[in-house]
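Novice: Each chain, written out:
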Amino acid sequence: MSLSGIDPVIHAPKRLAAMALLVNAEFATFAFLKEQLGLTDSDLSKQMSALESAGYIGITKRGRGPGSVTSYRVTQAGLQAYRRHRAALYAMLDDGPSGR
Amino acid sequence: MLADMESTSDPLDAVRELERAEAAPYVRLPPAPSWVAPVFGAWFAGWVGMWALWGWNRIAFAGASVLLITVLGGIVRATNGSAGAVPVLGRGTPPPEIARLYRAYVVGCLVVAATVALVWWWTGIGAAAAATLVLVTAGLARYATRYEQAASAVRARLG
Numbered sequence: 002m003s004l005s006g007i008d009p010v011i012h013a014p015k016r017l018a019a020m021a022l023l024v025n026a027e028f029a030t031f032a033f034l035k036e037q038l039g040l041t042d043s044d045l046s047k048q049m050s051a052l053e054s055a056g057y058i059g060i061t062k063r064g065r066g067p068g069s070v071t072s073y074r075v076t077q078a079g080l081q082a083y084r085r086h087r088a089a090l091y092a093m094l095d096d097g098p099s100g101r
Numbered sequence: 804m805l806a807d808m809e810s811t812s813d814p815l816d817a818v819r820e821l822e823r824a825e826a827a828p829y830v831r832l833p834p835a836p837s838w839v840a841p842v843f844g845a846w847f848a849g850w851v852g853m854w855a856l857w858g859w860n861r862i863a864f865a866g867a868s869v870l871l872i873t874v875l876g877g878i879v880r881a882t883n884g885s886a887g888a889v890p891v892l893g894r895g896t897p898p899p900e901i902a903r904l905y906r907a908y909v910v911g912c913l914v915v916a917a918t919v920a921l922v923w924w925w926t927g928i929g930a931a932a933a934a935t936l937v938l939v940t941a942g943l944a945r946y947a948t949r950y951e952q953a954a955s956a957v958r959a960r961l962g
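These protein sequence lines map, in sequence, to chains A and B. Counting in the numbering used here, the first sequence runs from 2 upward without gaps. Counting in the numbering used here, the second sequence runs from 804 upward without gaps.
No lab work stands behind these hints: they were computed from the structure. Be a bit skeptical, because a hint or two may be false.
[To be verified] Selected chain A positions facing chain B (in silico; Cβ < 7 angstroms):
#, residue
1, Ala18
2, Ala21
3, Leu22
4, Val24
5, Asn25
6, Ala26
7, Phe33
8, Gln37
9, Asp42
10, Ser46
11, Ala89
12, Ala92
13, Met93
14, Leu94
For clarity, every value in this text was computed on a predicted model and none was experimentally measured. Quick reminder that beta carbons are idealized off the backbone N, C-alpha and C, glycines included.
Assemble the whole structure, with the sequences as input and the hints as a guide.
Specialist: What follows is the structure in structure tokens.
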């Protein structure tokens with residue numbers, strides 16, 4: 002069992018799911034993440050702030066007021082950290098899908 | 804919506820949640836509007852037809868190129884502008900059902916390109932543009948239908 006790739010920032014389930022989604026998307030809006038992850042506004046904001054502080058995601062805000070849209074993109078550092086974490090996670094499962 | 808995020812301390816549960824989250828950008832999008840296929844068909848037909856200008860007037864050719872690029876930008880904005888997420892190509896891990904469809908899409912593009920090239924070679928640029936309109940429109944419409952079927956299958960599998 003290998004724990005070498007486990008990233009403490011991504012290991013939290015909510016942040017892992019957010020990173021898994023963002024790695025597979027050009028971008029994702031706050032509303033889309035909130036709906037898919039089933040989080041409250043404040044919880045999602047907290048999780049995304051933690052990922053941004055780690056340098057794993059970038060944030061873009063378009064517009065102001067009620068119609069504004071906040072989007073997130075994964076950074077190169079985030080992509081690498083996610084890939085290491087994912088590989089370590091699958092390595093923990095003896096019969097997990099290898100090489101994915 | 805993904806399952807309860809607080810309950811995934813077990814690696815197997817974590818992997819299941821991870822697969823659902825990874826699949827979300829591919830399978831949680833609204834179906835493509837019906838106008839997308841004919842509009843892209845017309846755009847590609849215009850691109851093929853544009854080459855008729857090459858031997859006639861290079862400035863007109865350049866102008867047509869700029870016009871087509873501008874139109875393409877508008878189409879992409881119209882299709883992606885309201886999307887909550889857009890799947891990334893080449894970086895992510897699409898579900899196997901979607902990955903198979905992507906491979907079929909690439910093969911389909913090659914078949915269409917080869918067919919258009921042959922029509923162009925045998926009959927000329929006008930017929931090639933017409934063939935492009937028909938083939939791209941039909942191909943994209945078929946792809947959109949199959950994509951929705953594949954996305955439904957993924958949603959059913961992952962819950």
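Novice: For every hint, state whether the structure bears it out.
Specialist: Hint-by-hint comparison with the structure:
| no. | hint | verdict |
| --- | --- | --- |
| 1 | Ala18 | holds, 4 angstroms |
| 2 | Ala21 | holds, 4 angstroms |
| 3 | Leu22 | holds, 5 angstroms |
| 4 | Val24 | holds, 6 angstroms |
| 5 | Asn25 | holds, 3 angstroms |
| 6 | Ala26 | holds, 4 angstroms |
| 7 | Phe33 | holds, 3 angstroms |
| 8 | Gln37 | holds, 5 angstroms |
| 9 | Asp42 | violated, 15 angstroms |
| 10 | Ser46 | violated, 15 angstroms |
| 11 | Ala89 | violated, 10 angstroms |
| 12 | Ala92 | violated, 9 angstroms |
| 13 | Met93 | holds, 5 angstroms |
| 14 | Leu94 | holds, 6 angstroms |
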